[in-house]
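Please build the complete structure, drawing on both the sequences and the hints.
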Amino acid sequence: DGQAKVVLYGSPWWYDKGVFLSRLLDTLAADPSAAANNYYFDAANLHMYSRANDIPRIIGWYRDQLAAHGMSSKPIWIGETNAVPYDDPLWPATKGGFRATLDEQASYLTEAFATYLGLGVERIGVNRILDGADFDAGGEPFGLMRNDQSTRPAYWAFSMLSRYYAGYLQDDWKVSR
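All residue numbers for the sequence shown refer to our numbering, where the first residue is 405 and numbers rise by one.
Accuracy of the hints is not assured; some may be wrong.
[Stated by the list, open to error] Across the chosen pairs, the derived CB separations fall in these ranges: (1) D540 to D468: 32 to 42 Å; (2) A433 to T555: 39 to 49 Å; (3) N441 to D491: 44 to 54 Å; (4) S437 to D552: 44 to 54 Å; (5) Q553 to R427: 39 to 49 Å.
FYI, nobody ran anything at the bench for these hints, they're computed from the structure. Ideal placement from N, C-alpha and C gives every residue a C-beta, glycine not left out.
Set out below in structure tokens:
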């Protein structure tokens with residue numbers, strides 16, 4: 405399908421600080437047929453969580469890596485973003501591990517979306533809408549909604565973001581990088 409987009413794996417920055425991406429881009433740049441084949445992908449994909457103030461630095465690093473490997477035209481997509489609340493009554497936890505309050509989770513999404521769009525990120529995905537089966541098995545409550553369909557404040561933040569940022573195009577704003 406000539407219309408299909410090939411998106412790189414969702415690079416989890418906090419696991420390796422970009423080491424795998426750098427090695428992958430080195431490998432692709434060294435492949436003599438890669439350039440003629442669009443380097444085998446259409447968009448870089450990043451998973452970012454919990455700290456909106458890190459976004460400009462990390463997006464900048466990714467752009468620099470792509471440019472250094474001759475792939476500066478590749479867009480960056482955010483495949484997953486969110487923050488884990490620790491004060492949900494259904495899942496009380498300690499504040500550690502970059503967890504946030506329910507209100508901070510909503511604020512994180514608002515700040516992160518504005519920052520991503522201001523930096524020219526083409527697509528943004530939230531992990532996740534509903535807590536899901538892995539939460540029932542002991543996972544963290546990433547959902548904008550709980551499994552009982554009740555909403556967290558982040559649901560309403562995402563609703564507002566979807567309403568006001570729907571159809572946003574990079575050319576709509578003057579962005580300085």
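Check the structure against each numbered hint from earlier and tell me which ones fail, lowest number first.
none
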